[in-house]
Structures are given as C-alpha cells and as structure tokens.
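K.L.:
Listed below, chain by chain, are the residues.
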Amino acid sequence: MKKISNKNSFFNNGLRFIYILIFCFFSHSSFANTVLDITRGTDEPLPIAIVDFENGKNISEVVSNNLKNSGLFAPIDSAAFIESDKALGLRPRFADWRLIDARFLVRGKTEIDDEGRMRAEFRLWDVMTEKQLAGQAYFTVPDNWRRIAHLISDEIFKALTGENGYFDTRIVYISESGSPKKRIKKLAIMDQDGANHKLLTDGKYLVLTPRFSPNMQAITYLSYIKKDQPRVYIYNLDTGKQEILGDFPGMTFAPRFSPDGKKVIFSQAIKGANTEIYSMDIQTRKVKRITNNPDIDVSPSYSPDGSRITFNSDRGGKPQLYVMNEDGSNPKRISFGKGRYSTPVWSPRGDYIAFTKSMKGEYYIGVMRPDGSDERLLDKGFMVEGPTWAPNGRFLAYEVSHRIKKTDKEANVQIRMVDFSGRNKRIIKTPEGASDPAWSPLIP
Amino acid sequence: MNFFTRAYRDIVSLFSSDKSLSKSAVYSAIFHFTIIILLFIGIPLFSKSYDSPDIVPIQITNVSEITNVPIPEDVEEQTSKKEDLTADKMEKTSVVRDQVDVPDLPDTESVSEPETKPEVVVAKPKEVKKRKPKKSKKKPPEPDLMLSVLKTIDEIKVKKKVDKDQKEDKKEDVKKTNYQQEFDASAQLSISELDSIRQQFIPCWNIPYGARDAENLSVQIRVHVNPDGTIHDAQLLSYQRMGDPFYKVAADSALRAVRNPICNPLKLPPEKYEKWKIMTLNFDPRHMFGK
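Same order as they appear, the protein sequences are chains A and B. For the first sequence, the working numbering begins at 1 and goes up steadily by one. For the second sequence, the working numbering begins at 1001 and goes up steadily by one.
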C-alpha cells in the first residue's frame, strides 16, 4: 500500500510539475505583446514653465535665464500661463500646464524672517507624470539672492539631466583693454553668467593663462615681473591671499592642478634641455620630471582620476595629442587628423578631451574621446583657442579673437561658451575684452 | 662639341636661312602652345559640371519572418462576389468566421476595460447580421422559382452549382496566392504600422541629450493601451538601474513620452487591438548620438 501511495504521490507530483509548466507557459504567453524599439526622439529644448517666485521675481528671472542659456530648456513666456495661482502649498492644476505644452513647472517663494534672513523655497514638478521632482529651501542673507538662484538652477538641472549643474560657478579670465600696442592685461573673475564682475590685479604686470584648482577656490597664473622672467602665483579666492609658487624661466602656460589639488603639472624649457613636462608638489615644492625625449612636450592636463596625463608633443613631426600614464610611461598618440593639435584639456567627466586645432589658416575647438575616437569640431574661427571645461563636463568656454586692425582702440577678444555637442554657442558679456578663460569647480 | 649646342646652332641657322620656314615654325609653335595650354586649363565648353544624382535616403528596417500583407481590395471584392453567389458557401464561411471570432472576444473582455467591450462585441455580430440578410434575400428567390415538381431537378442543379463554385473557389484560391492564406487581421503588426508608431513617438520623446554613456541608456516600458489609442498605464520594466541618476533621467524621459498629450491617442490599426493593447517600448537614445 505504501508503495502504491508513494507511486501515487510521485505521479501527483509529476502531474503538478506539468501543470506548473503549462501554467508558466500560458502565463508567459498572456504577456506576449508587440515589442517596439523607439530609437528617435527630439532634442529640442524642453519647455519649462517658471512662475515668478512670490516676493522673489529676481530669483526666478535668474533661474529662467540660466536654464535658457544652457540650451537644454525653453522657458515659456509667462503671458501664456493659464493657472495664475502661485501658492506654493497647493498642488498645481497639471491639465492647465499641459495645455500650454509645459513639460515641467517651477514655483517658489521667498520670505524674510524676524532675524532678517531670507528663506527661499522652490518646487519642480513633472507636468506629464504629475510628480514633484525636486523641492528645497535655502536660508541666507538677502544679498546672496543671486547665488540662491544659481543653486536652485543647479538643483533643477540635476533633477532633469542626472548631471550636476554648473550655474553656481565662476570664470576667471584675462581682462584686456587698450590698443594692440599698449594692451593692458588684468586678472578678472565673474559668475558664469557674466554677473558679479571683479578685477583681481591692477594691470601693472602682464598676466597670462589662469588655471583653476579642481577642488578649491584657488587659481594659478603666470605673471611677467620682467621680460623673460615668468613667475607663477597661487591666488586663493576665498582669502584673497596670493603666494609665489616660483620663477619658471622658459614657461609659456601656467601650471595646471592635479585632481586632488596637491600637485601642479607644467611644461618648461630648463637651460640645457628642451621643453619637457614636470610635476611639482605644492607643499614641498619638489619637482619631478615626467617626460624625457628630444622633442617638445607641452600643455599637460590630468585625467579626473589622476592616473593619466594628456599632453601635446611634436615627436611625431607635427604637434599632436598624446596620452600617457601619470609617471610618464606608455605614451600613446591619440590625434591622427589633419592639422596641428594643441592645448588638450581632460573633461572633469572623464569622457572627452577638448583641444585647439589649426588647419588651413583657421582655428577650431574640438573634442575627442581619450582613445582618440569620436573627434568632433565644435567651433571655428580666425582665432579660437584655449578651451576650459565647466565642472560638469558638459560645456566649454574658450577665447575668440578677431583679426587685429591697426585702428583698433580696444581689444577685440571675447569668451564664448558651447555645449560639448556643439550646440548653443553664446558670448559671455564682459566689460572689456576677455581672453584665457578658466572655469571654477562648483562653489562649496 | 656638345650635342645640344650643335642642335641649337642647326635650328638657328635653319630659321635665319629660310624666312618662310621660320614663320611657319613660329605659327606651329604658337598652335602647339595653345593646344598645350588648353589641355592644361581645360576647354570651358567641355568642362560641364557633373550633376550628382540626388541622394536617396534608405531606412533599414527589420523584416519579420512571417509576411502579413492585407488582402488587396480587388481580391476581397472577388471573394465577396463569390460569397454572394453561393448562399450555402456563404453560410459556411460565416459560420466558420463566427467560430473564429468567438474565442477572440473573451480575451478582449478579460484584458481591456469595460467601456470598450461593448464596441467589440457589438461590432462583430453586426457584420454577420448584415451579411446574413443578404444571403436570405438571395436565397428566397431561388426557392420561389422552384416548382414542387422540379424539386429534385433543382436539387441536382444546385448541387452542380455548388460543385462549380467550389471548383472556381479553388481556382480563386490559387489566384489569390498567399494573400488570403496568410493574412490574419489579428496577426503581427506590419512593418509600416510599427514604423508609424515609431514616427508618432518622435515629437513626444525628449531624449536625454548629451548624457554620459548614452549608448547604455535604453529603457523598456510596458504600456497598456485603450482601444481608442490612449495609454492608460505605463510600467518601467528595468527598475534595477534607477540608482544611476543618468538612467533615472532616461527612464523619466521615456515615461513622459508615453504620457505626452501629442502621443495620446496613438494612431493604431483598430482591427489589431489584440496586438497593441499591451506593447513593450524600448526607448534607446544611442542612435541619436551617432553611435
């Protein structure tokens, strides 16, 4: 009997197994449906509705301007708004916002508390999915309203692109004035949108090629105290203090920082040797030679992880771009296009290297992958050069100079910005001519 | 003496001795020179610019293994004529159709919303009803003409007719080639239909432009579509990567696309509702960046 029952249970189990199999089969078939690959969409700027902040119209205007300048968003004219209720606590009437084709909605308000501090609050809504994507409140002194607007812009940018913003950043550059023969060059700084402009040096000495530290608000720059005597300074923007890093005869570009900010890397023609690449520990001032060959190696730039260096060398005949390990080993040529390549800069995102290229009498700003693939030229002109990356690795700023005429009374040079895909070129307005831009990291 | 100097001297003496010869030699030199120049520069008359032919853009689409082409109208007409002629056959076909339709209905009932059920249920019987009266209209005249005495003869005639029709039908079937044999309204969506859906999503989907690793940001979304083409539910199938901010943005962009008013309702072939009531959409931005 037992045997039979065992057999039965085995048989039952077997049947159950088959039932389960059949069930699985049918349950799967019930989900069988059409599978469709959607490979094309639109890359038009996203329509976003930014309602004037309660008691803070100036903030919402800066936010709107920032998002518009990024080229990724198209703020909708407030005249088109149907919903007039600005109250932040209430849930928006999404149908009204869908009617005007808004994909996102930003609302906010500011208040001044009893102690005189300003409280700024905003919310970002997805009109299609009717969800809140971001919402934050900031406390600060009222004079800081512009920075609050940049922080809100960064928060919105991050929520909608997945990437850190770049609005709460500054650009340091060389302010140029006077005729070509009597050109005065001063170190200057401004917000990325051109506001809060400030001069850092008085123009007594020639200053060149400022470089930002990637993790602190400090810059290095080159200054000529005497002819043929370039001196490198480190300027701390927070404290306003500056110190001499050293005199570097035969140097043409200021040193660049390593990603951890502890070292600088530079090229220099030391007496008896040709131009080679060196690194220096900022604290100990100990110099280490990285390249050693009979050709000219210049303008080094670290990868964001600090493990590799991209630089420019004429060891292949013409100036081309190379990538080597941090210790100088395993150099590999990455640029193989026509023309001459120079000033490579590794993106903070790590995925691209920006460069200047000259070909057939014209200059180009371009990007390529660190392995040399996917080379794209983003802008060209009589003279475009010296790209610098925004801290999110998505935008580039560079110098655009026009043909110099003897009749020129002022410097005809500007800073232009471009998306790394080549879209959305725009000039950053400056009081005087502007060259040699260097983009700061996000302000801590 | 050098060969060249001697030759030069000979030529000079030749020219100086005979004036007419020197003249013709000059003409000949000019003539040859112009020919050489023309060959060098290119004669403007013959240097017509070559018109390059227009570029024909070709889009490569994947062809499904089974062809599913709808029956051309004329073939359909022929079959319907046939059906009209033969009442018995018509009845048979209609019965067969009913049998096919019936199992379809419960499916739609079980999955789609209540609103749409009536439409589907009513629509199909109506077709059958419409056709049935036709048959009945044509049927009666035949019995009317028949006399009770000639019943047997008529029966034979009808049999013959049916036989004939069946034979003709067989011929028709051959003529129809693959159309009717393989076309099934509820079968897979055709390439053009799939492409039409793709086209409709283009303005709705704002791609995550310039995102890092765009080649790895494909997002799968299962959508449940109402019979009127509006999307009433969308589920993300790949939640695992939502921790990655770039993936989250890509997923959000795809979810926004299916909820975009421009894409609601979608234009879809109503007869294939079974095939598009649930769709898996794979939003893949890699091709937008030339990857």
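Source of the hints: derived by calculation from the structure; they are not laboratory data. Note that the coordinates shown come from a computational prediction; the quantities given were computed from them, not determined experimentally. Note that CB positions come from ideal geometry on N, CA and C, so glycine has one too. Be a bit skeptical, because a hint or two may be false.
Stated by the list, open to error - A short, non-exhaustive set of chain B residues, derived as facing chain A with CB atoms under 8 Å:
id: 1; residue: Ile1197
id: 2; residue: Gln1235
id: 3; residue: Leu1236
Unchecked claim - Across the chosen pairs, the derived CB separations fall in these ranges:
id: 4; chain 1: B; residue 1: Asn1216; chain 2: A; residue 2: Glu44; range: 18 to 28 Å
id: 5; chain 1: A; residue 1: Arg146; chain 2: B; residue 2: Pro1269; range: 49 to 59 Å
id: 6; chain 1: B; residue 1: His1287; chain 2: A; residue 2: Gly250; range: 45 to 55 Å
id: 7; chain 1: A; residue 1: Asp374; chain 2: B; residue 2: Thr1230; range: 38 to 48 Å
id: 8; chain 1: B; residue 1: His1232; chain 2: A; residue 2: Lys429; range: 27 to 37 Å
id: 9; chain 1: A; residue 1: Asp374; chain 2: B; residue 2: Ser1192; range: 33 to 43 Å
K.L.:
Now tell me, hint by hint, if it's right for this structure.
P.N.:
Comparing the hints with the structure gives:
no. : hint                             : verdict
1   : Ile1197                          : holds, 6 Å
2   : Gln1235                          : violated, 12 Å
3   : Leu1236                          : violated, 11 Å
4   : B:Asn1216 - A:Glu44: 18 to 28 Å  : holds, 24 Å
5   : A:Arg146 - B:Pro1269: 49 to 59 Å : holds, 55 Å
6   : B:His1287 - A:Gly250: 45 to 55 Å : holds, 49 Å
7   : A:Asp374 - B:Thr1230: 38 to 48 Å : holds, 40 Å
8   : B:His1232 - A:Lys429: 27 to 37 Å : violated, 50 Å
9   : A:Asp374 - B:Ser1192: 33 to 43 Å : holds, 34 Å
When the structure is compared with the earlier hints, violations turn up for hints 2, 3, 8 and for no others.
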